[in-house]
Structures are given as C-alpha cells and as structure tokens.
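Enquirer: Residue strings, one per chain:
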Amino acid sequence: GIQVEQSPPDLILQEGANSTLRCNFSDSVNNLQWFHQNPWGQLINLFYIPSGTKQNGRLSATTVATERYSLLYISSSQTTDSGVYFCAVTGATNKLIFGTGTLLAVQP
Amino acid sequence: NAGVTQTPKFQVLKTGQSMTLQCAQDMNHEYMSWYRQDPGMGLRLIHYSVGAGITDQGEVPNGYNVSRSTTEDFPLRLLSAAPSQTSVYFCASSYSLTGNSPLHFGNGTRLTVT
Numbered sequence: 001g002i003q004v005e006q007s008p009p010d011l012i013l014q015e016g017a018n019s020t021l022r023c024n025f026s027d028s029v030n031n032l033q034w035f036h037q038n039p040w041g042q043l044i045n046l047f048y049i050p051s052g053t054k055q056n057g058r059l060s061a062t063t064v065a066t067e068r069y070s071l072l073y074i075s076s077s078q079t080t081d082s083g084v085y086f087c088a089v090t091g092a093t094n095k096l097i098f099g100t101g102t103l104l105a106v107q108p
Numbered sequence: 001n002a003g004v005t006q007t008p009k010f011q012v013l014k015t016g017q018s019m020t021l022q023c024a025q026d027m028n029h030e031y032m033s034w035y036r037q038d039p040g041m042g043l044r045l046i047h048y049s050v051g052a053g054i055t056d057q058g059e060v061p062n063g064y065n066v067s068r069s070t071t072e073d074f075p076l077r078l079l080s081a082a083p084s085q086t087s088v089y090f091c092a093s094s095y096s097l098t099g100n101s102p103l104h105f106g107n108g109t110r111l112t113v114t
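Respectively, the protein sequence lines represent chains A and B.
The first sequence begins at 1 in the working numbering and counts up one residue at a time.
The second sequence begins at 1 in the working numbering and counts up one residue at a time.
Hints may contain errors.
Taking lysine to any residue pairs in the SDA-like style, the calculated list, with each CA pair at most 25 Å apart, reads [what the hints assert, rightly or not]:
(1) Lys95/A <-> Ser67/B
(2) Lys54/A <-> Asn38/A
(3) Lys95/A <-> Thr86/B
(4) Lys95/A <-> Arg44/B
(5) Lys9/B <-> Ile44/A
(6) Lys54/A <-> His104/B
(7) Lys95/A <-> Thr7/B
(8) Lys54/A <-> Thr98/B
(9) Lys95/A <-> Gly40/B
(10) Lys9/B <-> Lys54/A
(11) Lys9/B <-> Thr100/A
(12) Lys9/B <-> Gln42/A
(13) Lys9/B <-> Ser82/A
(14) Lys9/B <-> Asn45/A
(15) Lys95/A <-> Leu111/B
(16) Lys95/A <-> Met27/B
(17) Lys95/A <-> Thr55/B
(18) Lys54/A <-> Asp10/A
(19) Lys95/A <-> Lys14/B
(20) Lys95/A <-> Asn107/B
(21) Lys95/A <-> Arg110/B
(22) Lys95/A <-> Gly53/B
(23) Lys95/A <-> Val88/B
(24) Lys95/A <-> Thr5/B
(25) Lys95/A <-> Ser101/B
(26) Lys54/A <-> Ser101/B
(27) Lys95/A <-> Thr98/B
(28) Lys9/B <-> Leu78/B
(29) Lys95/A <-> Tyr95/B
(30) Lys95/A <-> Val60/B
(31) Lys95/A <-> Thr80/A
(32) Lys95/A <-> Asn65/B
(33) Lys9/B <-> Thr80/A
(34) Lys95/A <-> Leu78/B
(35) Lys95/A <-> Leu13/B
(36) Lys95/A <-> Glu30/B
A few chain B positions that, by computed beta-carbon distances, are all more than 10 Å from chain A [stated by the list, open to error]:
(37) Gln17
(38) Ser18
(39) Glu72
Since the hints were made in silico from the structure, they are not lab data.
Glycine included, C-beta positions come from ideal geometry on N, C-alpha and C.
Make the full structure from the sequences, and use the hints.
Expert: Pasting the structure below:
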C-alpha cells in the first residue's frame with residue numbers, strides 16, 4: 001500500500017517564528033489532506049489539497065503531485081498552533097492513510 | 001449542528017468482554033471510517049464504508065467488526081477485547097474520498113482493556 005512519511009517528527013518554535021512541515025508519499029494520490037490535532041485530542045481538517053497551493057490565514061499548503069510531496073507552512077506561529085500535524089492520502093483505493101505526524105510545540 | 005458524534009467518551013473493559021463503539025453523523029456523508037490512534041503510530045484505519053450496506057477492511061481490521069445499515073450510523077464492535085486493543089478510537093466521515101470533501105472527525109473514545 002501507499003506509504004506516507006512526515007518530517008520532522010517533532011519541532012519546537014518560539015512564538016512568531018515560521019515553520020515548514022513536509023509530507024512525502026510513495027505513489028500517486030487523488031486525495032491529500034492536512035489535519036491538526038490539538039492538545040485536547042481533537043482532529044481538525046486544515047486543507048484538502050491533492051495538488052496546487054491553498055492559503056487559510058497564517059497557514060498555507062502546497063502539493064507537488066508529480067514529485068510526491070506536500071508542504072504545510074505556518075507563519076508567525078502562536079501557542080495555539082501547538083499539537084500534532086498529520087497528512088493523509090488516498091491512492092487507488094478508498095483508504096485514507098495517515099502519516100505518523102509532526103509534533104509541534106510553540107513556546108511563548 | 002452535531003457533526004460526528006461518538007459514544008462513549010471513555011470505556012474500561014476486561015479481557016474477553018465485548019462492546020460496541022457508536023458513531024453517528026448528521027451531514028448525509030456517504031463515506032465513514034474508524035481509526036485507532038496509538039502513541040508513535042499515527043492513526044491507523046480499521047474499517048471503512050463508502051455507503052449504506054458497504055463496508056471494507058482497512059490496515060488493522062482484526063478483532064473488529066462493522067456494519068452500515070443506515071447512512072448515519074457506523075458502529076464498531078469489539079468481539080472479544082484484548083489488551084492490545086487499548087487505544088483511542090476515532091470515527092470520521094466525509095461526502096466522498098474524491099473531490100473537495102474534507103474528512104470530519106468525532107472527539108474520540110478512549111478504551112482501556114485490562
């Protein structure tokens with residue numbers, strides 16, 4: 001099946017800093033989503049982005065499908081950005097497979 | 001606007017007991033799925049359904065059963081609980097897996113098997 005790798009596995013930032021999270025996948029995809037799991041365990045969908053670029057406030061994402069990776073950019077980070085960021089992909093099946101996530105801690 | 005509702009929030013079982021985790025969505029979503037989340041393992045797909053009457057296995061289906069008799073409900077059954085099934089379980093739904101259709105998650109069920 002399709003493999004999903006995320007990097008870095010964890011990241012510590014000072015408030016106000018920018019960061020880039022990466023998601024590599026092993027096969028072509030027709031669905032790619034980014035999620036944020038907050039410290040209370042809730043999973044929130046950030047982007048549906050199988051290709052191209054999208055922006056939502058301080059967050060943006062770019063997927064280069066031909067090179068099999070996606071990037072999530074966080075600008076001017078805030079403590080509320082802390083948590084785990086997951087990407088998830090679907091290839092030729094109906095299985096949405098998750099990476100192991102990037103744990104982000106934003107310090108005041 | 002309930003979204004995806006999971007019950008119970010917490011459950012403790014003894015080895016060998018059975019139980020059903022409930023999941024309901026009120027968004028008329030065709031696609032529903034169950035994941036388990038373990039430390040360092042991300043979320044792993046247990047079972048999924050693309051519509052009423054249709055279910056299929058995910059990455060880690062052993063020890064779990066599902067059914068989809070209605071569009072709204074997708075219960076997950078543990079037939080004979082084992083300590084290895086201690087985990088946090090998430091139900092999720094979306095209109096489909098094709099097209100701009102984000103996945104919505106419930107708040108999770110924390111299950112401990114002793």
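Enquirer: If a hint holds in the structure, say so; if it doesn't, say that too.
Expert: Status of each hint after checking the structure:
{"no.": "1", "hint": "Lys95/A <-> Ser67/B", "result": "holds (17 Å)"}
{"no.": "2", "hint": "Lys54/A <-> Asn38/A", "result": "holds (21 Å)"}
{"no.": "3", "hint": "Lys95/A <-> Thr86/B", "result": "holds (23 Å)"}
{"no.": "4", "hint": "Lys95/A <-> Arg44/B", "result": "holds (10 Å)"}
{"no.": "5", "hint": "Lys9/B <-> Ile44/A", "result": "holds (18 Å)"}
{"no.": "6", "hint": "Lys54/A <-> His104/B", "result": "holds (19 Å)"}
{"no.": "7", "hint": "Lys95/A <-> Thr7/B", "result": "holds (24 Å)"}
{"no.": "8", "hint": "Lys54/A <-> Thr98/B", "result": "holds (18 Å)"}
{"no.": "9", "hint": "Lys95/A <-> Gly40/B", "result": "holds (20 Å)"}
{"no.": "10", "hint": "Lys9/B <-> Lys54/A", "result": "violated (34 Å)"}
{"no.": "11", "hint": "Lys9/B <-> Thr100/A", "result": "holds (23 Å)"}
{"no.": "12", "hint": "Lys9/B <-> Gln42/A", "result": "holds (12 Å)"}
{"no.": "13", "hint": "Lys9/B <-> Ser82/A", "result": "holds (23 Å)"}
{"no.": "14", "hint": "Lys9/B <-> Asn45/A", "result": "holds (21 Å)"}
{"no.": "15", "hint": "Lys95/A <-> Leu111/B", "result": "holds (24 Å)"}
{"no.": "16", "hint": "Lys95/A <-> Met27/B", "result": "holds (20 Å)"}
{"no.": "17", "hint": "Lys95/A <-> Thr55/B", "result": "holds (12 Å)"}
{"no.": "18", "hint": "Lys54/A <-> Asp10/A", "result": "holds (24 Å)"}
{"no.": "19", "hint": "Lys95/A <-> Lys14/B", "result": "violated (31 Å)"}
{"no.": "20", "hint": "Lys95/A <-> Asn107/B", "result": "holds (21 Å)"}
{"no.": "21", "hint": "Lys95/A <-> Arg110/B", "result": "holds (23 Å)"}
{"no.": "22", "hint": "Lys95/A <-> Gly53/B", "result": "holds (17 Å)"}
{"no.": "23", "hint": "Lys95/A <-> Val88/B", "result": "holds (19 Å)"}
{"no.": "24", "hint": "Lys95/A <-> Thr5/B", "result": "holds (21 Å)"}
{"no.": "25", "hint": "Lys95/A <-> Ser101/B", "result": "holds (14 Å)"}
{"no.": "26", "hint": "Lys54/A <-> Ser101/B", "result": "holds (15 Å)"}
{"no.": "27", "hint": "Lys95/A <-> Thr98/B", "result": "holds (11 Å)"}
{"no.": "28", "hint": "Lys9/B <-> Leu78/B", "result": "holds (16 Å)"}
{"no.": "29", "hint": "Lys95/A <-> Tyr95/B", "result": "holds (14 Å)"}
{"no.": "30", "hint": "Lys95/A <-> Val60/B", "result": "holds (12 Å)"}
{"no.": "31", "hint": "Lys95/A <-> Thr80/A", "result": "violated (30 Å)"}
{"no.": "32", "hint": "Lys95/A <-> Asn65/B", "result": "holds (17 Å)"}
{"no.": "33", "hint": "Lys9/B <-> Thr80/A", "result": "holds (24 Å)"}
{"no.": "34", "hint": "Lys95/A <-> Leu78/B", "result": "holds (21 Å)"}
{"no.": "35", "hint": "Lys95/A <-> Leu13/B", "result": "violated (29 Å)"}
{"no.": "36", "hint": "Lys95/A <-> Glu30/B", "result": "holds (14 Å)"}
{"no.": "37", "hint": "Gln17", "result": "holds (24 Å)"}
{"no.": "38", "hint": "Ser18", "result": "holds (25 Å)"}
{"no.": "39", "hint": "Glu72", "result": "holds (19 Å)"}
In summary, the structure is inconsistent with hints 10, 19, 31, 35 from the numbered list given earlier, while agreeing with the others.
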